[in-house]
Every structure is written in C-alpha cells, then in structure tokens.
Amino acid sequence: MTAELPILSLTIWLPILGAVLVLGSGDRAPNLTKWLALGFAVATFLVSLPLYSGFHLGTAEMQFVERAAWIPAFDVHYHLGVDGISVPLILLTTFMTVLVIIAGWEAIHYRPAQYMAAFLVMEGVMVGVFSALDAVLFYVFWEAMLIPMFLIIGVWGGPNRVYATIKFFLYTFLGSVFMLVALIYMYTQSGSFEVLGFHALKLSLKEQILIFIAFLLAFAVKVPMWPVHTWLPDAHVEAPTGGSVILAAIMLKIGGYGFLRFSLPIAPDASNYLDLLIIAMSLIAVVYIGFVALVQQDMKKLIAYSSISHMGFVTLGFFIAFIVMAQPAAQGGAALGIQGGMVQMVSHGFISGALFLCVGVLYDRIHSRQIADYGGVVNTMPWFAAFMVFFAMANAGLPGTSGFVGEFMVILASFRADFWYAFLAATTLIIGAAYTLWMVKRVVFGEVANDKVAKLQDVNGREALVLTTLAIAVLLLGLWPQPLIELMDASVEHLLRHIAVSKL
Amino acid sequence: MDMDLHSLIPLLPELVLLLAGCAILVLDLFLTDRQRDLTYVFSLVALAAAAAAAIGVGGSSREILMSGNFVRAIFVVTALAFVYSRGYLQARRLYRGEFYVLGLFAALGMSVMVSAGSFLSAYLGLELLALSLYALVAFDRDSGAGSEAAIKYFVLGALASGLLLYGISMVYGASGALDFATVSETLRATDTDRTVLVFGLVFVVIGIAFKFGAVPFHMWVPDVYQGAPTPVTLLLGSAPKIAAFALAMRLLGDGLGVLHGDWQQMLVLLAVASLALGNVVAIAQTNIKRMLAYSTISHVGFIFLGLLAGTADGEAAAMFYSILYALMAAGAFGVLVLLSREGLEAEQIEDLRGLNQRSPWYAGMMLLLMFSMAGVPPTAGFFAKLFVLDAVIGIDMVWLAIVAVSFSIVGAFYYLRVVKVMYFDAPVDESPLSAPADAVWVLSLNGLTMLVLGFFPAALLSICTAAVA
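Heads up: the protein sequence lines correspond to chains W and S, in order. The opening residue of the first sequence carries number 1 in our numbering; numbering runs sequentially from there. The opening residue of the second sequence carries number 1 in our numbering; numbering runs sequentially from there.
Mixed in with the good hints there might be a few duds.
Unchecked claim - Covered by chain W, according to a simulated footprint, are these stretches of chain S (three or more residues, beta-carbon under 8 Å):
(1) 32–40
(2) 75–82
(3) 372–379
(4) 420–426
(5) 458–465
Claimed, not checked - Heads up, simulated EDC-like pairs for lysine to aspartate or glutamate below, C-alpha to C-alpha not over 20 Å straight-line:
(6) W:K202 <-> W:D269
(7) W:K167 <-> S:D223
(8) W:K206 <-> W:E106
(9) W:K167 <-> W:D269
(10) S:K152 <-> S:D254
(11) W:K441 <-> W:D451
(12) W:K206 <-> W:E66
(13) W:K202 <-> S:D396
(14) W:K206 <-> S:D223
Claimed, not checked - Sample of chain W residues with no beta-carbon within 12 Å of chain S, all distances over it, derived:
(15) L10
(16) L21
(17) L36
(18) I108
(19) L137
(20) L183
(21) I371
(22) K441
(23) D451
(24) T469
(25) R497
Hints are computed from structural coordinates only; laboratory data are not their basis. All C-beta atoms in this analysis are idealised placements derived from N, C-alpha and C, irrespective of residue type, glycine included.
Generate coordinates for the entire structure from the input sequences, incorporating the hints supplied.
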C-alpha cells in the first residue's frame, strides 16, 4: 500500500527545509522570519492530514510505506511507515508545533530565527521517530531530537538553564546508548535492522531480559518513569514556554511509543516476566509523584510533576495488559489498558501543553512562576481564568474532558487485573484534583494579591486563539474519543496477539 | 629486481610529492615575504597533483598501494591544514616556506606509511613523518612551550621508533623476511618459534600505541598538542591518525595476522584504558587544545576497537573512523586557528564564549564538529561509532561495546561544555570574526561534511570496505 505522494517523507523534511530557510532569512526581518516559520508549520500540518484521511482502518499493516536502500553494507534502509499507534502521535506533533510557533511570537527577542528553526527541526525529527521502521533510522531521529532541545533550553531558558539542559542531555544520552547496543546485538542476530524483523526474531529469555532492560533505560528516562524522572522538573522549569510544551506534549510520548513499538513486541516474555516491576514503578509515579506535586511552589514544576504522574498511567496501562491476559476471563481488558494508555498520551499532550501555555501567558506578563506571586488573577484576566480553570479540570480528570477518558480506561483495565492496582491508580483522581485545583485556587481566585496582578492585561487575540484551539481539542477528545480508538484498534489487537505468543 | 621506469608508476603520487617538495624548497629561497603566497599555492597544487596521481594509479597495483583513496584522504586533510593556517602564520610572522615544505614531507611520509609493503619501508615513512613533525612543533622558535613540546615529542618519539624497530628485528629473526606478504606466508606455513614472535609483537604494538598516543603511552600527547602552534597541532592531530591506522593495519593485520589472538588482547587493554582515561581526564581540562588532546586519546580507543575485531568489517569501521576523526580534528583545530587571529591565542575553552553571538556561522560549524565527536546523530561521528560497535558486537564482545558506550556518555559532557560556552555564555568581545575567504569556505565545507556524511555514510563506507578487502 504505497501512497502516491511520499507523505511521511514530506512531513519529516518539509519542516527541516523550512528551518534552513528560516535560518537563512536571519534576524534582520523578524516578522518575515516568524511568518515563514508559521507558514511551514501550517503547511506541514496540512501535509500530515492525509495520514488520517487516507488511513485504512481495520488493518494492522504498516501504511504509507517508503523504503529505499541507505547503507547497503549493513542492510540499513530508509524505511518509513505508520500504523494506528503512530498516526495519532504524528498528528499530535504537527498540530502542537503550529501552536508552539504562534505562542513564541512575541515572547522571543533573542535570535528568533534560530528559535523558530529549532522547533521546526524538532518537528521533523519527532515525526521521523514515530514513522521510522528501520532501527538505525529510528535511532538517528531519536538522538537528533536532543540537539535542538539542548539548544532551546540552553539558549532561551531561565536562570539555571545550563544545569538543566546538560542534565537533560546526559540523562537522555545515557538511556539511549544502551538501546543502541541492544539494536546492534539484534542486528547481528537477525542480519538486518528492520524493526518488524526484530519483532519476529526468536530470543532466549536471558537475551530478552537484557534487551528489555536496555530499552527500559532509554524509554524510562524519556517517559520519564520514577526513579529516573529527576531531569524533567529541571528541564521544564528552565525551558522557555514553547520548549516545555513540546517536551511535555510530544517528547514524553516518544518513551511511551517506544514501549509499544520495541519493548513489548521484541521482548514479550521479558515484558511478561518483569511486568510487576514496571507496574510498581508506574504506581509509585502515580501516587508518590502526585504527592510531590502537591507541595510545589513553582507552577511549572507542579505541572512537570503532574506530567510524570499522568505518564505513570500510560506505562501502567501498557503493562497491566500482561496481567489481564493471564486471566482468561478478561480478554477485552488487555486492549483496554493499551488503548487507555494511548488515549492518555494524546490527551496529556493537549492538556499539559495547554497548562504550560497558560503559565507562559502569566510569565510573559509578570516574569514569575511562583504561585505565591499570584492571586486573584480572575479579577483582571477573566478570559484567561476561564481557560486555566478549564484545563485544570481536564488535568484533574473531569468527565467530559479528554483527561477522563484515558484514566478511566486504564483504571477499568486495572480492575480486571487486581482490585488494589485499580485502587492505587484511582487515588490519582483525588490527588490530581487536589494539586491542580489548589494551584488554581491560589493563582486564579481570591483577592488581587499585589500591584502587579492588578495591572495585568487579559489574553490577546493570539493567545486566545491558541488556548481556544486546545480547549476544543480537549473537549472533542473527551466527548467523542471513538475516532481515536478506532484508529488504533486494529494495531492494538495485532500487538496483543503478537505478545500473547511466547518467543521462547 | 630490475628497475625499469614502468615499475615506478605505482610510486607516482609519492614521486610527485617528493619532487614538488624539493622544488618548492628551492623556489622559496628566491621569494620575498610578499610573494610567499606562491609557496602556499604551489604546495596546494602539489597536493592536488599527488592526489590526482593517486587516482590515476588507482587500484591497478595492489601489492604496493593499499588504495589510492587512503592516500587521497591524507592529502585532503593536509591541504585543509595548509588553508586554515595561512592567516594565523601571517599574523605571527611565521609565514615561511618551511612550514609548507615540512608539511609536504610529512604528507609524503604518511603516504609511504600507507603504501608500504614491508616493515622497513613502513618504518622509513614513519620516520619521515615524525622528523617533519618534530621540526614543525618547534616552528615558532621564540616560544618556550613550543621548544619544550618539541624536545618531549622528539625524545619519546625516538624511543617509540626504537621499540618498533626492535620489534621488527625480532619478527625478521623469526620469519627471515621483511615484506608483509612473505612474513605472513612464512608464519602461516612453518612452525616458527612463537616466543620470539610474541616478544617482537609486544614491541611492535607498543611502537604503534606510542604513535597513536594510546594509554599508557599517551603522555606526550597533551603536552605536544598544547605546546605546538595551533596550525601545527592541527596538522599533527589530524592526518597522521589515518597514517597510524594504516600502519597498524599493515603491521598487525597484513604482517602478523597469524598472531591475531595475541594482539587482540593487547589492543583490548589499550582501547579500554584509552577510552577511560581520555574521556575522564578531558573533563578536567580548561585549555581546549589539551582537552582535544585527551579527546584524541579516547577516539584512538575507538579506532583500536575496530582494529582488534580483526574482521574486514572491523577494519573498514576503523578506517572510516580514522578518516572521519582526521576531518573532525582538522575542523575543530581549524576553528581555533581562525579564532586566534586577532592578536589573542584561542587556547582556553573560555575563548569561545558567546561565539554564536559573534559569528553564528562559525558557531554552527563548531557545533556540528563537537556533536560529531560526541557521536550524536545525525552527524557522521555517530556512524563511525555505530560501525565500530557493530564490529565489536559481531565478534561477541558485547561487554566491550557496553564499556565503550558508557565512556562515550562521559565524553559527551565535555563536548557539550564547548557548545554551552559558545551558545549559552555571553561574549567578552562582541566583534565578529574576520577570516580569509578561502579558510571560511573550507571550514564551511569541513563542517557541513559532518552532516552530509551523517546523511549519506554509505559512500565513504563502501570506499573503506573496498580498501581493506
């Protein structure tokens, strides 16, 4: 099934070409640069839409496949393709990049061309990660992501940005080099770098466990899972608003995607063997990190910890599937867990992005992220307050918003596994509500706290546009998640059938 | 052996270089300082002619030439060194013909090392290279550090040559021959005394390790890199790595391939020690030339990893790595040379402060070079590491690959620090850099090569595979 136009290649390379042009246009005419960047971002989003409209439901085969020899000596191919798991994430990427470019319109004064170019490069590379079907190509995109993000945090970040960005880089690099060793090992076993070939590769339990651990290092750092999450609060706090949005909305999802594309299908027996470990790590993230979020003084840090806690749901959903599968009565529950994790990823992309944008709106005005510096914002910024309260509700998992759907599905799947998993997971509904709403209460409601807050201007048209778009997305996914679930249904079923068969 | 002219054809590139070197040396005597550019141009022409000759000779005579491509890579990197250094030398009254003549002789030495078919000619090439470099290190004769570095380099280099020669004499004693093919054949065919052979092998390996600067024979590297004038460091730190790799492959692979099991263990030790010490000690450096010296040591570890595999894949990977490393080193030192021109010597990492604000283009090139050295895709450095790791895992030494990647995480830190200084720190002086147009073009080419080879590594890899086949 080859599409006539190489849509995946276009989606990857169009923004990168845009980045080159934006860099070339330089900083002499900032307005031209920004419009150029926005033009390319919008064009990329439009180009990526056929991935949804032209997608054949009901098959787990890779679609929009492109394949060309790249390094013949090592049997490395430029091999792209998508299934129902990667399409939603690609669309999320192209969608969020447009919003991020708009959000950085006025906030960035230092070298806006480099800033916009960095985000365009990020976009192309992230789409590449989601669509690569060759392990070397995947790894190249995976690592290439680090360079623009390293610069985004380091150049446009806050006061402690150097520490944060080097920590971010080294943590991620540490995780991924071991994955590289695992990939090469599988190449020596299978004779090719095809990811789908790795899926079919027979491996002993010992090999699987080692490979699983190598992947776990890479993906757990990216997700991030407790206890390798400590880079995230630092990176989020120091990153500029756009950087935080991309980091939370998409880069974290790449870790989750990695579990579905690599860990589970390549090492199903090891995943089964070690599922309790991952479930324990996920539950600790959900509960413990939730409590950590409760005591934060810094809004961005609070949202960062909330991200870790919500991503715990994703990994919980993925690995609870193994326990559910072991109980013959509850076959449907396994799919529910994985689909719930996927919905949670997309939903968290919207909600965390929106919350970071809200903090960005405040930060652009007062240049503080401390909760204590605000109070009574609703009096001067009623529109903004409405958005912030809405997204906070969504973050807390209010039914009707997208935040509810994913969490509910995962909790439901956990019930079929064991009551206590579900019980622990469900505490997040309380803790999540507590830390988000308490933050909103302290920032938005109450008396006007100080002169700075008294002088605040409400959101302008540009900011309102970005926040409204995200609010619609959150509502739409919350009220009508069916299209997203249908999109991935066949792929998830296929994945479940695959991991149910032991490789031993 | 009858010496008709026809049998000299494979030697054409070397002959061209030799004659050109002598001619330029004489010509330079009659030039005034203003006409010095002629020497520069002629030297580049000589290198180009030699490279063209190497293409012309091609692979027709394998027994003498390993491959024209190898030699060409050396000529290209030497030419890079010449182009980068012109402005620096002019600004310091060091713009003399001798720099180029010695550079040409060094290139000749390297080319002989690569093409050598016997232990003795390889040794002669090595000595020609080494003697030219000793003189070049002391080129700035008023600099105390330069003279100190030259003496150190000379004493240790002479010692290493002695050890290598001693090892070669043992091999000769055991096999009765000096050319690689005969030695290899004799050792394979007859039941020679292994004690003498392995004894000789130890000395040969030590000699090679000295020339590479592998731990524990690395002591000279940081001092020489730091003490020599930056253009000389550029010349010394780049192309000779390719030649040293060729030497190692010739001596160990072609000559003493029978003893693979023995030298593999030695190289494992050298590689792990180099990776560990190079990467860890580089973190503590504030002088960027010294930092790059330790980084060289760690890269040598990676080249050894490819060599010790002993497979064709491994040799191709190590060759890819050494060619790429020579290009990266040439580019990185090239940036330093260009930065140094405004009266100050760019030697501290701090001197790169705020380069992105001053000259975004240079900063971008240096960024590519640093990420390439760290081995981050999409730069070519990643593929160099990938191929080497693949060779190591291919011989079932997964643990060695894990050691190597662990140390490359450590290494990433100090390369990142250079990027941090360039991009995140405020500049001390805001003025943009000015550099001669030719150097800027070449630097851009050099930096972008990292990206181009990162996107399309297959071409260079297939050249390397063909060369070692």
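Checked hints:
no., hint, result
1, 32–40, "violated (count 0)"
2, 75–82, "violated (count 0)"
3, 372–379, "holds (count 3)"
4, 420–426, "holds (count 3)"
5, 458–465, "holds (count 4)"
6, W:K202 <-> W:D269, "holds (11 Å)"
7, W:K167 <-> S:D223, "violated (31 Å)"
8, W:K206 <-> W:E106, "violated (54 Å)"
9, W:K167 <-> W:D269, "violated (33 Å)"
10, S:K152 <-> S:D254, "violated (32 Å)"
11, W:K441 <-> W:D451, "holds (19 Å)"
12, W:K206 <-> W:E66, "violated (34 Å)"
13, W:K202 <-> S:D396, "holds (18 Å)"
14, W:K206 <-> S:D223, "violated (47 Å)"
15, L10, "holds (17 Å)"
16, L21, "holds (15 Å)"
17, L36, "holds (17 Å)"
18, I108, "holds (15 Å)"
19, L137, "violated (10 Å)"
20, L183, "violated (9 Å)"
21, I371, "holds (28 Å)"
22, K441, "holds (37 Å)"
23, D451, "holds (32 Å)"
24, T469, "holds (32 Å)"
25, R497, "holds (31 Å)"
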